[in-house]
Amino acid sequence: MILEFLQSLSEMQIVGELTLLSLLIGGVIMAGGVIIAKIAKLLFHKYYAPSLPKDTAQNISKLIYFGILIISFLGFTSSQGIDLSGIMVAGGIFAVVIGFATQSVVSNLISGLFLIVEKPAKHGDTIELPDMGISGTLLDIGTFSSKVRRFDGTVTRIPNEKFFTSNIRSLTLSTVRRADATVGISYQSEIDHAILVMKNEILQTMPFVLQIPEPEFRIEELGESSVNIHVYVWHPRDDWSNTQPILLNTLKRALDKSGIEIPFPQRVIWTGKD
Amino acid sequence: MKIMSDNSEISFSNFGVYNLDDQIELTLPNTMIKFNRISENAFSYYRENSEGKIVEKIIPVKSSDVKIELAPIRPLNYPARRTTHLFLQFDKEIYLSENSAASIFVNCPIEIGVFLVHDSNYDSLDWVTCDPLNSRFGLYGSPDTGTLCKYAKVSMATDYDDSDPYVEAVMQIVVENTMSFGQSISKVVFPITDNSLYYQNSKAIIDGLKITMKKRAAVNIADVQTISLETDWSASPTWEDKTASTHMEMGLE
Numbered sequence: 004m005i006l007e008f009l010q011s012l013s014e015m016q017i018v019g020e021l022t023l024l025s026l027l028i029g030g031v032i033m034a035g036g037v038i039i040a041k042i043a044k045l046l047f048h049k050y051y052a053p054s055l056p057k058d059t060a061q062n063i064s065k066l067i068y069f070g071i072l073i074i075s076f077l078g079f080t081s082s083q084g085i086d087l088s089g090i091m092v093a094g095g096i097f098a099v100v101i102g103f104a105t106q107s108v109v110s111n112l113i114s115g116l117f118l119i120v121e122k123p124a125k126h127g128d129t130i131e132l133p134d135m136g137i138s139g140t141l142l143d144i145g146t147f148s149s150k151v152r153r154f155d156g157t158v159t160r161i162p163n164e165k166f167f168t169s170n171i172r173s174l175t176l177s178t179v180r181r182a183d184a185t186v187g188i189s190y191q192s193e194i195d196h197a198i199l200v201m202k203n204e205i206l207q208t209m210p211f212v213l214q215i216p217e218p219e220f221r222i223e224e225l226g227e228s229s230v231n232i233h234v235y236v237w238h239p240r241d242d243w244s245n246t247q248p249i250l251l252n253t254l255k256r257a258l259d260k261s262g263i264e265i266p267f268p269q270r271v272i273w274t275g276k277d
Numbered sequence: 071m072k073i074m075s076d077n078s079e080i081s082f083s084n085f086g087v088y089n090l091d092d093q094i095e096l097t098l099p100n101t102m103i104k105f106n107r108i109s110e111n112a113f114s115y116y117r118e119n120s121e122g123k124i125v126e127k128i129i130p131v132k133s134s135d136v137k138i139e140l141a142p143i144r145p146l147n148y149p150a151r152r153t154t155h156l157f158l159q160f161d162k163e164i165y166l167s168e169n170s171a172a173s174i175f176v177n178c179p180i181e182i183g184v185f186l187v188h189d190s191n192y193d194s195l196d197w198v199t200c201d202p203l204n205s206r207f208g209l210y211g212s213p214d215t216g217t218l219c220k221y222a223k224v225s226m227a228t229d230y231d232d233s234d235p236y237v238e239a240v241m242q243i244v245v246e247n248t249m250s251f252g253q254s255i256s257k258v259v260f261p262i263t264d265n266s267l268y269y270q271n272s273k274a275i276i277d278g279l280k281i282t283m284k285k286r287a288a289v290n291i292a293d294v295q296t297i298s299l300e301t302d303w304s305a306s307p308t309w310e311d312k313t314a315s316t317h318m319e320m321g322l323e
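Chains as they are written, first to last, in our numbering: chain A, 4 to 277; chain B, 71 to 323.
Please note: incorrect hints may appear among the correct ones.
Below 30 Å or equal to it, Euclidean Cα-Cα: the simulated DSSO-like pairs (lysine-lysine) are [as the list claims (entries may be wrong)]:
| hint | chain 1 | residue 1 | chain 2 | residue 2 |
| --- | --- | --- | --- | --- |
| 1 | A | K202 | A | K165 |
| 2 | B | K280 | A | K202 |
| 3 | B | K257 | A | K260 |
| 4 | A | K49 | A | K202 |
| 5 | B | K127 | A | K202 |
| 6 | A | K125 | A | K202 |
| 7 | A | K202 | B | K132 |
| 8 | A | K260 | A | K122 |
| 9 | A | K255 | B | K257 |
| 10 | B | K123 | A | K255 |
| 11 | A | K57 | A | K202 |
Examples of chain B residues toward chain A, derived with CB under 7 Å [as the list claims (entries may be wrong)]:
| hint | residue |
| --- | --- |
| 12 | P130 |
| 13 | R152 |
| 14 | L218 |
What follows is a list of derived Cβ distance ranges for each label pair [to be verified]:
| hint | chain 1 | residue 1 | chain 2 | residue 2 | range |
| --- | --- | --- | --- | --- | --- |
| 15 | A | Y51 | B | W303 | 57 to 63 Å |
| 16 | B | W303 | A | F117 | 57 to 63 Å |
| 17 | A | G127 | B | Q295 | 43 to 49 Å |
| 18 | A | I265 | B | Y210 | 55 to 61 Å |
| 19 | A | G136 | B | Y210 | 33 to 39 Å |
| 20 | B | E163 | A | I137 | 28 to 34 Å |
| 21 | A | D259 | B | I108 | 42 to 48 Å |
| 22 | B | G252 | A | F117 | 52 to 58 Å |
| 23 | B | A112 | A | N231 | 56 to 62 Å |
| 24 | A | R181 | B | A150 | 55 to 61 Å |
| 25 | B | V289 | A | K49 | 46 to 52 Å |
| 26 | B | E118 | A | I137 | 40 to 46 Å |
| 27 | A | E223 | B | Q295 | 43 to 49 Å |
What the hints contain is simulated information worked out from the structure, not anything from laboratory work. Heads up, the beta-carbon is just placed ideally off N, CA and C, and yes, glycines get one too.
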């Protein structure tokens, strides 16, 4: 019964020598190839990827997946008796046509390759793209686009061409990073004393702030109502969230404890009668 | 042992191995640790530190013969494990004239590890620091290429017994100047993972260092090597943080 069915398929010619049976075999080869590629990728992610650096694992995973797909495709074409040399000849003209039609797609593809080779940032790095106002964790550099998980949890897809040509600020390449804040004290307060109490409070209550280099204090401005002091502290690169958000709070607490005034803006208005 | 605090006399638990029967309470400076048997094969663990932070764990055990060990460990875990290097800044500079050597003792900070001992295996259960205010980071070198270190300003000790219990271990540093001119040394930076710790009662000591100041081509360098101690004090188990996981098989609800 099945043999008769297959026999009938082999007799049903579509184009030239291409029959329904050979098309079916080709489909099975391609489907098998896709399934094997997915399984191989899954097994790689399960057993080997955790022990490799993230970006290396992603690249090897893609190599395995697309390598199996290409082999499947070659199997499919040979099962159909397709002569690839003909395609190669026609390929030149075809490539020009496709090139014009899919310029941005090809551009993204090439940019993706350059990104993988140049590695301006790795998977898992915290990056900032100032041109686009995007900052977050680089999740993946894909074939055509890259994905960045922003700090609010949403994922932004960026075409590789834009990603490659934009400024990339890496927040994880250096061992340490610097956090800063500006605080104003009244003109009546003694600056050296204010700096001393702020420094002591930072070093005692902020365990992630580095002792060397020490916190730095610069008089930024003699403002309208206050002497503005800019405070710089260094911290391990992964501990921004343990430092920057609490820095101002620490400075204010130190000044409050010592009774040093943080003045409100004041303006003296003289009227004509005076 | 007895240590006087500001207002009252507090008895602190010594380093060592304790049998875990039904209940055990260990007291350290600013830290309280309690084990309680909650069933035939399980214990509860409770720890409160100087900052009021409470850690509670349930510990299932296979055999009834379970012990715990309280031991000094390398000071790398508080406030978070970020490095394996230690930066010791001496409170006084040491000057060595040309072709001379000296041996000094310094007080090196420590943390305290709690280990579960069963069938001669040591499992890292928890760690505490009795001196969180002096457990900080420092950078050796420039921000882009420097080495992040745990930083401590240390004082000189007279011998292996001259240390603050539970907070410091004594380390011997042998400094040798092989250069043809005098040189001062005020700090040492080294990977502390090669240095083992040893304890006796409440005191701790740590493998020493040999610092050789020498000229290599046109550069003056200080070569730092670890010196293994030969002592009858008990060797401390190596602390391994096993809480971090790089892989999750499946989530359970």
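> Going through the earlier hints one by one, which of them does the structure break, listed in rising order?
Replying inline: 1, 2, 3, 4, 5, 6, 7, 8, 9, 11, 12, 15, 17, 18, 20, 24
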